[in-house]
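**Student:** Protein sequence lines correspond, in order, to chains A and B. Using the working numbering, the first residue of the first sequence is number 1, and each one after it goes up by one. Using the working numbering, the first residue of the second sequence is number 421, and each one after it goes up by one.
In case anyone wonders, no lab produced these hints; they're calculated from the structure. Just so it is clear, CB atoms sit at the ideal spot from N, CA and C, and this is done for glycine as well. Be aware that one or more of the hints could be misleading.
Straight line, CA to CA, 20 Å or less: simulated EDC-like cross-link-like pairs of lysine to aspartate or glutamate [what the hints assert, rightly or not]:
| id | chain 1 | residue 1 | chain 2 | residue 2 |
| --- | --- | --- | --- | --- |
| 1 | B | Lys440 | A | Glu350 |
| 2 | A | Lys329 | A | Asp277 |
| 3 | B | Lys440 | A | Asp304 |
| 4 | B | Lys513 | B | Asp477 |
| 5 | B | Lys447 | A | Asp24 |
| 6 | B | Lys485 | A | Asp35 |
| 7 | A | Lys278 | A | Glu327 |
| 8 | B | Lys447 | A | Asp35 |
| 9 | A | Lys37 | B | Asp477 |
| 10 | A | Lys10 | B | Glu544 |
| 11 | B | Lys447 | B | Glu496 |
| 12 | A | Lys351 | B | Glu431 |
| 13 | A | Lys37 | B | Asp473 |
| 14 | A | Lys10 | B | Glu566 |
| 15 | A | Lys377 | A | Asp277 |
| 16 | B | Lys513 | B | Glu469 |
| 17 | B | Lys440 | B | Glu484 |
| 18 | A | Lys278 | A | Asp381 |
| 19 | B | Lys447 | A | Glu28 |
| 20 | B | Lys440 | B | Glu451 |
| 21 | A | Lys351 | B | Glu436 |
| 22 | B | Lys447 | B | Glu431 |
| 23 | B | Lys447 | B | Glu433 |
| 24 | B | Lys440 | A | Asp35 |
| 25 | A | Lys10 | B | Glu538 |
| 26 | B | Lys447 | B | Glu484 |
| 27 | B | Lys447 | B | Glu436 |
| 28 | A | Lys354 | B | Glu433 |
| 29 | B | Lys447 | B | Asp473 |
| 30 | A | Lys10 | B | Glu597 |
| 31 | A | Lys354 | B | Glu436 |
| 32 | A | Lys329 | A | Asp381 |
Pair by pair, the computed Cβ-Cβ distance ranges are [claimed, not checked]:
| id | chain 1 | residue 1 | chain 2 | residue 2 | range |
| --- | --- | --- | --- | --- | --- |
| 33 | A | Trp27 | B | Gly493 | 22 to 30 Å |
| 34 | A | Pro23 | B | Gly567 | 23 to 31 Å |
| 35 | B | Glu496 | A | Lys360 | 45 to 53 Å |
| 36 | B | Asp473 | A | Gln19 | 17 to 25 Å |
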Amino acid sequence: MLNNTEFDRKIREMMESYQELPPDGSWERILSSLDRKRGRVVYMRRSLYAVAAVAASILLILFIGNPLPSSRTTVDFPSGRLSADLIKPGIEQKIEQKVEIKDIKKITIVSGRQKSPLRVADRTVVADAVSDKSEKKEISVTEENTPIAHREISVSNHEISEPKKEVAEPRKNVSQRVTVKEEVKRESSRRILGMMEEGMERVRDFFGGRNITYALSTNYTPSVYSKSVNLLSVSLGYQNDLVPASIKEYVQSQSSTDSRYSMPLTFGIQGQMELSDKISLGTGVNYSLLVSNYEEITPTSRLDVQQSLHYIGIPLNIYFNIFENQEVKLYVTGGATLEKGLTASYRIIEKGVKRHEANKVPGLQFSMGAGLGAELKLSNDLGLYFDPSLAYFFRGKQPESIRTAQPLQYKFELGMRFNL
Amino acid sequence: MNTTSREIFNEAELLESCVKQDRRAQKTLYEFYAPRMLTLCIRYIGDRERARDILHDGFITVFEKIGSYNGSGSFEGWMRRIFVNTALMALRKGDILKYSEELVTAEREITGEQSVLENINSRELLRLISSMPAGFRAVFNMYAIEGYSHQEIAKQMKISEGSSRSQLSRARAWLQERLTGK
Chain A
1 MLNNTEFDRK IREMMESYQE LPPDGSWERI LSSLDRKRGR VVYMRRSLYA
51 VAAVAASILL ILFIGNPLPS SRTTVDFPSG RLSADLIKPG IEQKIEQKVE
101 IKDIKKITIV SGRQKSPLRV ADRTVVADAV SDKSEKKEIS VTEENTPIAH
151 REISVSNHEI SEPKKEVAEP RKNVSQRVTV KEEVKRESSR RILGMMEEGM
201 ERVRDFFGGR NITYALSTNY TPSVYSKSVN LLSVSLGYQN DLVPASIKEY
251 VQSQSSTDSR YSMPLTFGIQ GQMELSDKIS LGTGVNYSLL VSNYEEITPT
301 SRLDVQQSLH YIGIPLNIYF NIFENQEVKL YVTGGATLEK GLTASYRIIE
351 KGVKRHEANK VPGLQFSMGA GLGAELKLSN DLGLYFDPSL AYFFRGKQPE
401 SIRTAQPLQY KFELGMRFNL
Chain B
421 MNTTSREIFN EAELLESCVK QDRRAQKTLY EFYAPRMLTL CIRYIGDRER
471 ARDILHDGFI TVFEKIGSYN GSGSFEGWMR RIFVNTALMA LRKGDILKYS
521 EELVTAEREI TGEQSVLENI NSRELLRLIS SMPAGFRAVF NMYAIEGYSH
571 QEIAKQMKIS EGSSRSQLSR ARAWLQERLT GK
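Bound-form chain B, shown alone (with noise of 0.2 Å):
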């Protein structure tokens, strides 16, 4: 067998091979989640070439910080993690995520129907996204499709968890025109 088909038998030991800094380890972990990744980036950060630019800086803090991945909680999870605090210093950096103006009105229930989601696919969706102002952008995505929260977005993005919830409010009602009126 020759080494450049060598096969990584599992997680583990990829991820013990990525700590030795292996090149194909790291390649191949690259290859594995680097589409996911990208995905979360776009979703952050909505500009394709800036998501790049987060998935390259992204996939370096993983090798770099790899080490200190303990193995508790999933590999990906601790990954994804680290793509968001990638993605939200750089839109700190732009200052976007400084609109955070609070919502007088308190949370509304989403009153959409079903079908409002089904007829779109989720390329279109993903563009939909990333297409929503960045302040409450990040709120949505770290809320409902990663799970943080309201407690953990006040303390990561520096708002009140009164912010968090309004933004949320905000992005859902944004997302069920944009929904509807499609």
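With the rest of the complex left out, here is chain A (with noise of 0.2 Å):
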């Protein structure tokens, strides 16, 4: 007799024991299924990619190009705004003419001979950067008739409102204002930003007063090695010689596998000088990033092998603008970028246990390309640039990489323009 808990055993070791084959086509709709999603989890990458690239291009240029000093801001002032009875048609008349401003948020304006002054009619006047803690940009400008009380307007949102008020006090109350420290940062501040315009002429005077462009620019480099594409660990391959030397005297293996190869990365900046109204030059430097994965099997063991490859270069590249207007440029470009392996840097995984070791990577990369591109304007000094293009990379004595193993490859450059 059989109770429950015997009936179910043995209805269970019955069932454990018979297996019901798949039909034909199973495992290729499961691989057919992880493929589509792979598909959308790269191009998911690939969008945050492009996203991170523009953002970090954004805070490359305010954290270390610092270009906005160099950009300038032209401010109408709307005469019909200004009080007659403040600002005299002489001053009126000049200032119509538009004032320059140079990333200030507030301009005071005082009459009386004063360095680096702006004239106004048969006045003088100052243009003095102060910083706002409000975040609204508001310009002050007080007119003064030395010794006489001066008066004071303000400019906010660029328009020029109602007097605040009229103060009949010498210039010397003014500056009692200012803290002896305020003054001594400004006085910095004027000098900092004389150098650099200076340095900025003596760059202009050097190339002939060519216009001169920098840019940063994020690189990349998707593979389309072998069937697959991944912003992360990309691209299945099979090849050999992959292991680095040190690895080959520790163990005699018998194969490189399954070869991954994430994109390759590359940040850089450029400078670009105008030859002619169509042509210019660019060159500057760049970092490469190149990380490859793979698997090195012996009978008795197996390594995990993370290579990753660090290069320093310098393209050169001619760009040849096909249209331009005051929003976008479209150009062709074309040049050639010589590369130095700096170090090939290697962490190895075996049996749990992590290891890392590094070389020296021998001789140069050399490689060539050509591609389109576009610039959108954001001002007239700044732009927002995207180059596709084809790269073809010479094998040379490079170790294995992406590179080697796809030597033609489309890459992918974003980044930010600034007119010198």
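Please dock the two separately framed chains into a single complex, following the hints provided.
**Tutor:** So, in structure tokens, the structure goes:
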């Protein structure tokens, strides 16, 4: 007689001993679904990286390039909003002609003879940079007829508004409002800005007065090698000799397998000089990172190896404008890059134990490329550009990487350009 | 040695490679477990065509979630739970599990002879189980074959423990009837 437990046990045993074979094509169906899902993930990652590239470039502008002091903002002063009893016709006329402001949140214009004066009619005014805690851009214009009382008007949101007040006090009272410390800071700022202007002027002179543009770029090279594309662990490939010499000495491998190449990343800075209206020449310096993963298999063990190649390179590119208006510029580009491998670092995991090694990278990596480019002009001196291109990497004596596995690659370069 | 003839040394390495989305490792895993998992799917779903769909969906989930397997318990057990959940979800979608009427009668002991199971082979038993009414087929599979407790079944199927017990009892009775009448 069987009780419930025995009955269940017997059925369990019978069922566990039986296996139904899946029909042909089941695995292919699963594989296809997995590939589709991976494709979606890659698309999302790629979009994320593109956004990150733009964000990184903008951050670079803000924290490294600090190009904004050189960018100029032109403010139109609508004369109709000026108070007639405060702004005399001569002043009004001059202000209408546009005042150039360099990265100034608040400007005090004081009549009287000062350093770096802006001349308004027969009076002299001084533009003085004052940081304002409020976000609103404010320009205050103080008119003074020495030694009589000076009057102050304010300009908010690029418009001159009603006068705030009329103060009948000598100029020295105004100066008392500014602490000595602030004055010293301003003086330092003026000196630094002056030195920067002077430096840029020298650079321009050196290049015969030609326009110079510099660019911060982020370069992605998605691989199409061997069927799969993945931004982080890309491209299955089959090849040998990826193994660094030090590891080969350590263990006589039988094969290295399942090489996966991550997407190469390049960051750089480049100067671009106009040779004519249409043609310009660019060069600079860039850094590239190439990461590969593979397994090294022997009869007794298996090593998981991650190889990271670090390159520093000098690109030389020529740009030919094919279309340009106030918002956008389209161009074709071609050039070559010479790179020197700084180091090849290896992270090796064997039986759960991780260790690191590093080798020198011999020789030079030479590549040539050509492509199209588009630049969106954000202001007169600032542009966001996107250069898709094709590049061919000559092997030389370089270690195995995505560049040796797939010498012809397409690249996407994103960056920002600034006019000096 | 060519890459195509690469050997996976043990389950840990196989799983590690699957986490890295190594397609060949995934295929090895599939080839090893697919027959067992398809049998499980047929037991729960009944219909072979639909069971193959569950097999597909289950493996997709396994490959997506394999990184979350922490090594506690057997991997096959972890995998079985994924397939059981996938099958139950499919049954739930078809409202098949709504049938959970409690039996008034208490749980009955099987009184059959041992020989009733000796006269049937595994394939025929599978066909018999898969032809059980869906409501108590799931409970029977979970309790008698997968080893879930009534508490776990109740939680998983959103029924009371009493329902789980009564459906198990009905399933046994139903099966015994078919076995003795065979």
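**Student:** Determine for every hint whether it applies to the structure shown.
**Tutor:** Cross-check of the supplied hints:
Between the alpha carbons of Lys440(B) and Glu350(A) the distance comes to roughly 16 Å, so the proposed pair stays at or under 20 Å and holds. For the hint pairing Lys329(A) with Asp277(A), the CA-to-CA distance comes to about 12 Å; that is within 20 Å, so the pair holds. Only pairs whose Cα atoms come within 20 Å are accepted, and Lys440(B) paired with Asp304(A) is accepted, the gap being roughly 11 Å. At roughly 14 Å between alpha-carbon atoms, Lys513(B) and Asp477(B) fall within 20 Å of each other, so this suggested pair holds.
The straight-line distance between the Cα atoms of Lys447(B) and Asp24(A) is roughly 13 Å, inside the 20 Å bound, and the hint therefore holds. A distance of roughly 16 Å separates the Cα atoms of Lys485(B) and Asp35(A); the hinted pair therefore holds under the 20 Å criterion. Distance hint between Lys278(A) and Glu327(A) is fulfilled; the C-alpha atoms sit about 16 Å from each other, no more than 20 Å. Of the supplied pair hints, the one linking Lys447(B) and Asp35(A) holds, its CA atoms being roughly 13 Å apart against a limit of 20 Å.
Between Lys37(A) and Asp477(B), the direct Cα distance comes to roughly 13 Å. Compliance with the 20 Å bound is thereby established for this hinted pair. Of the pairs offered as hints, the one joining Lys10(A) and Glu544(B) holds, with about 14 Å between alpha carbons and a cut-off of 20 Å not exceeded. Distance check on the hinted pair: Lys447(B) and Glu496(B) sit about 16 Å apart at the alpha-carbon level, within 20 Å; holds. For the suggested pair Lys351(A) and Glu431(B), the alpha carbons sit about 14 Å apart, so the restraint of at most 20 Å is met.
Between Lys37(A) and Asp473(B), the direct Cα distance comes to roughly 17 Å. Compliance with the 20 Å bound is thereby established for this hinted pair. In summary, the hint linking Lys10(A) to Glu566(B) is supported, as the alpha carbons are separated by about 13 Å, within the 20 Å threshold. For the suggested pair Lys377(A) and Asp277(A), the alpha carbons sit about 17 Å apart, so the restraint of at most 20 Å is met. For the proposed pair Lys513(B) and Glu469(B), the alpha carbon gap of about 16 Å is at most 20 Å, so the pair holds.
Simply put, Lys440(B) and Glu484(B) have alpha-carbon atoms about 11 Å apart, close enough for the 20 Å limit, and the pair holds. About 17 Å separates the Cα atoms of Lys278(A) and Asp381(A), which keeps this hinted pair within 20 Å; it holds. Between Lys447(B) and Glu28(A), the direct Cα distance comes to roughly 10 Å. Compliance with the 20 Å bound is thereby established for this hinted pair. Of the supplied pair hints, the one linking Lys440(B) and Glu451(B) holds, its CA atoms being roughly 18 Å apart against a limit of 20 Å.
A hinted pair counts as satisfied when its Cα atoms are at most 20 Å apart, and Lys351(A) with Glu436(B) qualifies at roughly 12 Å. Taking the CA atoms of Lys447(B) and Glu431(B), the gap is near 13 Å; set against the 20 Å cutoff, the hint holds. Restraint check: the Cα-Cα separation between Lys447(B) and Glu433(B) comes to about 14 Å, which is no more than 20 Å; the hinted pair holds. For the hint pairing Lys440(B) with Asp35(A), the CA-to-CA distance comes to about 14 Å; that is within 20 Å, so the pair holds.
With a CA separation close to 10 Å, the supplied pair Lys10(A) and Glu538(B) stays within the 20 Å bound. For a cut-off of 20 Å, the pair hint linking Lys447(B) to Glu484(B) stands: about 14 Å separates their Cα positions. For the given pair, Lys447(B) sits about 13 Å from Glu436(B) by alpha-carbon distance, which is consistent with the 20 Å threshold. Restraint check for Lys354(A) and Glu433(B): the C-alpha separation of about 16 Å stays at or below 20 Å, so the hint holds.
For the hint pairing Lys447(B) with Asp473(B), the CA-to-CA distance comes to about 17 Å; that is within 20 Å, so the pair holds. Between the alpha carbons of Lys10(A) and Glu597(B) the distance comes to roughly 16 Å, so the proposed pair stays at or under 20 Å and holds. Proximity of Lys354(A) to Glu436(B) is assessed by CA-CA distance (about 15 Å); at most 20 Å being required, the pair is judged to hold. With a CA separation close to 13 Å, the supplied pair Lys329(A) and Asp381(A) stays within the 20 Å bound.
Trp27(A) and Gly493(B) have their C-beta atoms about 26 Å apart, which keeps the hinted 22 to 30 Å range intact. In this structure the hint that Pro23(A) and Gly567(B) lie 23 to 31 Å apart at CB holds, the actual value being about 29 Å. The given range of 45 to 53 Å is respected by Glu496(B) and Lys360(A), whose C-beta atoms sit roughly 48 Å from each other. Between Asp473(B) and Gln19(A) the Cβ separation comes to about 19 Å, which falls inside the hinted range of 17 to 25 Å.
Checked against the numbered hints given earlier, the structure satisfies every one of them.
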